[in-house]
Amino acid sequence: MSSALPPRYASFAKFAWGVLAYNFLVVVWGAYVRASGSGAGCGRHWPKCDGEVLPMPKSTEMFVEFAHRATSGIALILVLAMVVMAFLRFPKGSPVRRFAVASTLFMFSEALLGAALVLFELVAHDASMKRALSMCLHLVNTFFLLASIAATAFAATTGTNPRLRSLGSQARAAGLAILAILPVGMSGGVAALGDTLFPSKSLQEGVEQDLSGTGHIFIQLRLFHPLIAIVVAVVLALYASGVAKRHPKDRWVTRTSNAVSLVVLLQVCLGVLNLVLLAPVPTQLLHLLGADSLFVSVSLLILSLSVAERAKAPSADLAEPVAS
Numbered sequence: 000m001s002s003a004l005p006p007r008y009a010s011f012a013k014f015a016w017g018v019l020a021y022n023f024l025v026v027v028w029g030a031y032v033r034a035s036g037s038g039a040g041c042g043r044h045w046p047k048c049d050g051e052v053l054p055m056p057k058s059t060e061m062f063v064e065f066a067h068r069a070t071s072g073i074a075l076i077l078v079l080a081m082v083v084m085a086f087l088r089f090p091k092g093s094p095v096r097r098f099a100v101a102s103t104l105f106m107f108s109e110a111l112l113g114a115a116l117v118l119f120e121l122v123a124h125d126a127s128m129k130r131a132l133s134m135c136l137h138l139v140n141t142f143f144l145l146a147s148i149a150a151t152a153f154a155a156t157t158g159t160n161p162r163l164r165s166l167g168s169q170a171r172a173a174g175l176a177i178l179a180i181l182p183v184g185m186s187g188g189v190a191a192l193g194d195t196l197f198p199s200k201s202l203q204e205g206v207e208q209d210l211s212g213t214g215h216i217f218i219q220l221r222l223f224h225p226l227i228a229i230v231v232a233v234v235l236a237l238y239a240s241g242v243a244k245r246h247p248k249d250r251w252v253t254r255t256s257n258a259v260s261l262v263v264l265l266q267v268c269l270g271v272l273n274l275v276l277l278a279p280v281p282t283q284l285l286h287l288l289g290a291d292s293l294f295v296s297v298s299l300l301i302l303s304l305s306v307a308e309r310a311k312a313p314s315a316d317l318a319e320p321v322a323s
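221 is the number that numbering that gives the first Met the number 0 gives to position 222 of the sequence shown; each next residue is one higher, with no gaps.
Please keep in mind that the hints were generated in silico from the structure rather than gathered at the bench. Note that the Cβ used here is the ideal one computed from N, Cα and C, for glycine as well. Hints are not guaranteed to be accurate.
Computed spacing ranges between beta-carbons, pair by pair [what the hints assert, rightly or not]:
no.: 1; residue 1: G42; residue 2: F107; range: 20 to 26 Å
no.: 2; residue 1: H124; residue 2: K248; range: 53 to 59 Å
no.: 3; residue 1: Q219; residue 2: A20; range: 33 to 39 Å
no.: 4; residue 1: G174; residue 2: G17; range: 26 to 32 Å
no.: 5; residue 1: A170; residue 2: T253; range: 31 to 37 Å
no.: 6; residue 1: R7; residue 2: F107; range: 33 to 39 Å
Derived DSS-like pairs: lysine-lysine, alpha-carbon spacing no greater than 27 Å straight-line [to be verified]:
no.: 7; residue 1: K200; residue 2: K13
no.: 8; residue 1: K47; residue 2: K129
no.: 9; residue 1: K57; residue 2: K47
no.: 10; residue 1: K13; residue 2: K91
Full structure from sequences and hints, please.
Below, the structure written as structure tokens:
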């Protein structure tokens with residue numbers, strides 16, 4: 000991988016990592032909107048809030064929701080700036096351009112999904128399956144948005160052209176690793192929604208509700224999340240370890256495999272803590288942050304692996320990207 004990049008590439012890489020960090024914060028604040036029941040704070044209005052462009056918050060819920068919309072708007076501007084910079088600074092065919100475009104597409108779909116939640120009133124105390132499905136779709140889109148931004152930053156930082164087809168025999172395991180995170184994230188989102196709408200007074204009461212079979216569907220589904228999470232945690236830990244052993248001298252493979260292992264461990268600990276403490280908002284937010292970090296870490300590990308796997312072939316630099 001390239002050790003020294005031209006200044007215009009290096010500065011872009013720093014900007015892209017900054018955009019990624021900012022989007023993490025926006026996502027966490029969005030989770031707080033849900034956890035605090037503030038999703039209907041602006042009423043059934045979008046993109047305006049309570050019918051105004053710049054409203055004077057009349058309640059805490061309105062402030063929380065409007066703040067989320069404002070920060071999301073800034074996130075959109077940053078991603079648009081990133082894609083413009085990518086096309087101005089990188090040549091045609093560059094992977095940086097490709098990933099930046101993907102980031103922009105996922106950002107627009109993220110905004111549309113958020114708008115749909117508001118306009119169809121799938122917020123606040125709504126406990127419909129339509130809301131659960133919408134949340135799952137929103138969460139998956141967020142995963143791929145963050146992963147696309149991370150891929151943009153990765154390509155600019157390393158000066159490489161990662162191609163999934165370069166994985167060869169490793170493609171199936173890589174696909175399983177990334178796809179395994181989706182049901183964990185979706186079941187976790189439904190579990191968090193159930194905890195918000197139907198809070199338990201004690202751990203025993205919560206377990207009894209989960210096992211009763213007579214509670215709301217969100218409560219019944221809550222039981223599956225930790226079971227799925229444990230299985231996937233083992234799968235990801237083994238996958239990261241296997242990739243690290245395959246390329247022990249590759250700096251990015253080592254970094255990202257260690258990151259995956261660390262985040263998996265933290266997620267298990269946060270999951271247990273969240274369960275024991277009856278899902279307080281702070282641990283819910285940290286757990287979501289961990290889920291997003293895990294998806295990004297695994298994505299970066301797969302990109303690093305694809306570069307390492309094709310290391311024997313002539314590598315392409317940013318000026319002359321590898322042909323498709």
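Hint check results:
1. G42 / F107: 20 to 26 Å: With a Cβ separation near 23 Å, G42 and F107 satisfy 20 to 26 Å, so the hint holds.
2. H124 / K248: 53 to 59 Å: The hint (53 to 59 Å, Cβ to Cβ) holds, given that H124 and K248 are roughly 54 Å apart.
3. Q219 / A20: 33 to 39 Å: holds (37 Å)
4. G174 / G17: 26 to 32 Å: Given range 26 to 32 Å: holds, Cβ gap about 30 Å.
5. A170 / T253: 31 to 37 Å: For T253 against A170, whose Cβ atoms are near 21 Å apart, the range 31 to 37 Å is violated.
6. R7 / F107: 33 to 39 Å: violated (27 Å)
7. K200 / K13: Not satisfied, since the Cα-Cα distance of roughly 46 Å exceeds 27 Å.
8. K47 / K129: holds (24 Å)
9. K57 / K47: holds (15 Å)
10. K13 / K91: This hinted pair holds, its Cα atoms lying about 21 Å apart.
Consistency note: the structure conflicts with the earlier hints numbered 5, 6 and 7.
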